[in-house]
Amino acid sequence: MLKFIVKRLFAMIPVVLAVTFVVFTIMWFVPGDPTNIILGNEWTEAASARVKAELGLDRSFLVQFFHYTANLVQGDFGISYITRAPVGEQLLARFPNTLEVVLGAMLFCVVVGVPIGVYSGVKPYSVFSNLTMVAGLLGISFPIFWLGLLLILLFSVHLGWLPSSGLEDGFASFILPCLALGGNYMANIMRITRSSMLEVIRQDYIRTAKAKGVKAVDVVIKHALQNSMMPTITVIGMDIGTLLGGVVLTETVFSIPGTGRLLLESINKRDTPTVIGCLVIMAVCIAISNLIVDIVYAYVDPRIKAQYGAGKD
Amino acid sequence: MNMEMKKPNEQQTTLEIKNLVIHYISDDEVVKAVNGVNIEIKAGKTLGLVGETGAGKTTTALSILNLVPEPQGKILSGEILLEGRSVLAMSELELEAIRGDKVAMIFQDPMTSLNPVHTVGDQIAESIEIHRKVSKQEALKQAKEMLELVGIPSERSNEYPFQFSGGMKQRVVIAIALTCNPNLLIADEPTTALDVTIQAQVLKLINELRQKYHMSMLMITHDLGIVAEVCDEVSIAYAGRIIEHGTLEDIFDHMRHPYTKGLFDALPDIGARRSELKPVKGLMPDPTNLPSGCPFHPRCDYAMEVCSRSVPENKWLSETHCVECHLYTDTNESML
Ligand SMILES: Nc1ncnc2c1ncn2[C@@H]1O[C@H](COP(=O)(O)OP(=O)(O)O)[C@@H](O)[C@H]1O
Ligand code: SF4
Ligand SMILES: [Mg+2]
Numbered sequence: 001m002l003k004f005i006v007k008r009l010f011a012m013i014p015v016v017l018a019v020t021f022v023v024f025t026i027m028w029f030v031p032g033d034p035t036n037i038i039l040g041n042e043w044t045e046a047a048s049a050r051v052k053a054e055l056g057l058d059r060s061f062l063v064q065f066f067h068y069t070a071n072l073v074q075g076d077f078g079i080s081y082i083t084r085a086p087v088g089e090q091l092l093a094r095f096p097n098t099l100e101v102v103l104g105a106m107l108f109c110v111v112v113g114v115p116i117g118v119y120s121g122v123k124p125y126s127v128f129s130n131l132t133m134v135a136g137l138l139g140i141s142f143p144i145f146w147l148g149l150l151l152i153l154l155f156s157v158h159l160g161w162l163p164s165s166g167l168e169d170g171f172a173s174f175i176l177p178c179l180a181l182g183g184n185y186m187a188n189i190m191r192i193t194r195s196s197m198l199e200v201i202r203q204d205y206i207r208t209a210k211a212k213g214v215k216a217v218d219v220v221i222k223h224a225l226q227n228s229m230m231p232t233i234t235v236i237g238m239d240i241g242t243l244l245g246g247v248v249l250t251e252t253v254f255s256i257p258g259t260g261r262l263l264l265e266s267i268n269k270r271d272t273p274t275v276i277g278c279l280v281i282m283a284v285c286i287a288i289s290n291l292i293v294d295i296v297y298a299y300v301d302p303r304i305k306a307q308y309g310a311g312k313d
Numbered sequence: 001m002n003m004e005m006k007k008p009n010e011q012q013t014t015l016e017i018k019n020l021v022i023h024y025i026s027d028d029e030v031v032k033a034v035n036g037v038n039i040e041i042k043a044g045k046t047l048g049l050v051g052e053t054g055a056g057k058t059t060t061a062l063s064i065l066n067l068v069p070e071p072q073g074k075i076l077s078g079e080i081l082l083e084g085r086s087v088l089a090m091s092e093l094e095l096e097a098i099r100g101d102k103v104a105m106i107f108q109d110p111m112t113s114l115n116p117v118h119t120v121g122d123q124i125a126e127s128i129e130i131h132r133k134v135s136k137q138e139a140l141k142q143a144k145e146m147l148e149l150v151g152i153p154s155e156r157s158n159e160y161p162f163q164f165s166g167g168m169k170q171r172v173v174i175a176i177a178l179t180c181n182p183n184l185l186i187a188d189e190p191t192t193a194l195d196v197t198i199q200a201q202v203l204k205l206i207n208e209l210r211q212k213y214h215m216s217m218l219m220i221t222h223d224l225g226i227v228a229e230v231c232d233e234v235s236i237a238y239a240g241r242i243i244e245h246g247t248l249e250d251i252f253d254h255m256r257h258p259y260t261k262g263l264f265d266a267l268p269d270i271g272a273r274r275s276e277l278k279p280v281k282g283l284m285p286d287p288t289n290l291p292s293g294c295p296f297h298p299r300c301d302y303a304m305e306v307c308s309r310s311v312p313e314n315k316w317l318s319e320t321h322c323v324e325c326h327l328y329t330d331t332n333e334s335m336l
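These protein sequence lines map, in sequence, to chains A and B. Numbering follows our numbering, in which position 218 of the first sequence is assigned residue number 218; successive positions increment by one, without gaps. Numbering follows our numbering, in which position 272 of the second sequence is assigned residue number 272; successive positions increment by one, without gaps.
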C-alpha cells in the first residue's frame, strides 16, 4: 500500500508538469504585451524592453518555460506583474480560504447528501425519496451564481442571519458560500448514492444477510453501505475539479479573498505568473484528491486493495 | 461446536405450508408465481421440490423466511407453520430470531451470495453473534471450526470471497447456513451454479451434515439424480402448484402425472445409449397469463376436453401419494 502511494505521488509530477505546460502555452498565446499592464502610463519603447529583459520575457518560449519549471520545482512561483510581490506569498495567503470553502462545501455535501441518498435508495417508493429526487434535480440545474444570489437575498438581506460577503465572521461567513458551491455537488452525491444503493439492496448477498437474521438497520449499515460507496466516492473525488472551478464564481459572488478570485483578477489584469500559479495549485489539489480517492477505494473494497498490493494499477 | 444433538421425532412436523398463494404485483402485470402450494416436512426428513425454472420454487422457499422480495411480492393467502408457529403472523423481531437460527437457507449462486467486502470468517461469525449472543472473538473461533467442518482450512477465515473458487464459496455459504444448527435447512438448487465435478462433493457435504445434525431439509432442484440421492419424499412443482407428491418410490417407480413422466423421459438414458435429451415439449406457461384449467394442458399428451375447463383437484392415491390430474378422477391405476 505504501509503495502504491509513493508510486502515485511520483506519477503526479508529470501530470503537474503537463498542466503547467498547457497553461504556460495558453498564456503565451494570449494577445497583448504584458509590459503595457506593468508599466501603464509610463510605457515607452525603452522601458518596455528593459522590463522584458528584467523578467526574461525577451527569451524564447522554451527557455522561459524551462526557467519557470526549474523555479517551480524549487517552490518559486515567480513575481507578480502587478504587485511585484512573489506569487507564492499571495497563494499562501489566499489558498487556505479557498481550501476552507471547498472542504466545507465537501463536508457539508457528504454529511447531508450521503444519508439522504442511502435512505431514499433503501426506501425508493417513499414520498421522502421522491422529494429528494426533485430536490436533487433542482440542485443540479441551479447555476452557482444564481443559487448564491438567492441565498444572499434570503439569509443576508431578508433575514439578516448570515453575512453576505467576506470572511470576517468566521464560521458564519462560510455557510452561504459552502451552500452555494455545494448545491450541484450535493445533488450529484445524493443521486449517485441513491442509485447505487438501489442496486446494492437487491443483490443476493443482501438476501443472505437477511436470511441470517441480521436486523434491517444492520443490513443497510453493515452490508449495503460499504458496497454502495464506490460510485459515491468516485463522484466525491471526481467532482473536486468541478468544485474548484465553482470556487471561482463562489469567491466572486461572496467577495472571498481566495485563489479563485485571485485567478479571475489575474486573468483580467494579464498577470501571467499569478494565473499560472493559481492553476498549478488547483491541478495539484485535483491530483492529490484523486490519490486520496484511490486510497479510500482500497479501504472500502478488499478486491482493489489486493490489486494495489499486487502492484497492478 | 455448540451443536447439541437433537432426537429426530418422527411425529413432529417441522414445516407445513397450506394453500400458499404468492403473486408479484407491479403496475403493469401480475406474475402468478405460487398458486396454492401445499408442503409438509416431518422432523429429520428431506423433501425434494422439483420443477422447471419459473415454477415458483424459490418464491415458495423465500416465503418460509418471510423474505419474498418487497414490494412486488405479495403473499395473498395460505399458511406457513414452522414447528406449529405461523411465520406470516410473526413480528419482524420474531422473524429475525428464526432466520438463520431455526431456518437457514443455502442459495443457488455462491458467486453472488457472499458479501464481497467482508471476510468469510466475519460472515459466518455474524450468524453466531446474532443468535448465540456470544462475544465477537468467541463467534470467530466457532466460525473457524465451522470452516474446518465444511472442508476449508481455518486459516483462510481472514480471506475475502473473491479469493475463493465457486465450490469453496458454496462451502462458505453452507457453513453460514449450518452454523447455528437450524431445524430446517432450505437448499435452493445448491449445486446448479457449480462445476459438475464439484457438484457431487458439495451435495455429499450437505447430506452428511444434514444427517449428522438431524436437520429437516427442503431440497430444491431440477435434478432428479440429486433427489434420488438425498430425498425421502418428492413434490413436483408446475406453474406454482404441486402437481404430484409422494415418497421416492411413489414418484420414481409409480409416477402418475403426465408432467412427472415427462421429467423422467427427459433424463438421459445411459442403459439405452440414448444420448440426446428429450426435454418436456413446449414451454413453461407465462405466469402472467396462465392457461385455464390444468396449467399443463397445452403441453400434455393426455389432455382431455375437461382439462382446459377445470383445475384438477388434489387426489390422494395412497397414504403417501397424491396427484392433481383429471386422469385419476375415477381410478388410482396408472393411466400413462
Ligand atoms: N422479484 C420478482 N418480481 C417479479 N417477478 C418475480 C420476482 N421473482 C420471481 N419472479 C417470477 O416469479 C416466477 C417464479 O419464480 P421463482 O420462484 O424464482 O421460480 P423458480 O425458483 O422455480 O425458478 C417466475 O416467473 C419469475 O419470473
Ligand atoms: S389434468 Fe389433463 S392436461 Fe392436466 S396433466 Fe392431467 S391429463 Fe394432462
Ligand atoms: Mg429458483
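Do not take every clue at face value.
Quick look at which bits of chain B chain A covers, simulated, 3 or more residues with Cβ under 8 Å [as the list claims (entries may be wrong)]:
1. 63-70
2. 108-117
3. 124-135
Worth flagging that the hints you see were computed from the coordinates, not collected in a lab. We put the CB at the ideal spot given by N, CA and C, even for glycine.
Taking the hints in turn, this is what the structure says about them:
{"no.": "1", "hint": "63-70", "in the structure": "holds (count 3)"}
{"no.": "2", "hint": "108-117", "in the structure": "holds (count 7)"}
{"no.": "3", "hint": "124-135", "in the structure": "holds (count 4)"}
The structure shown violates none of the earlier numbered hints.
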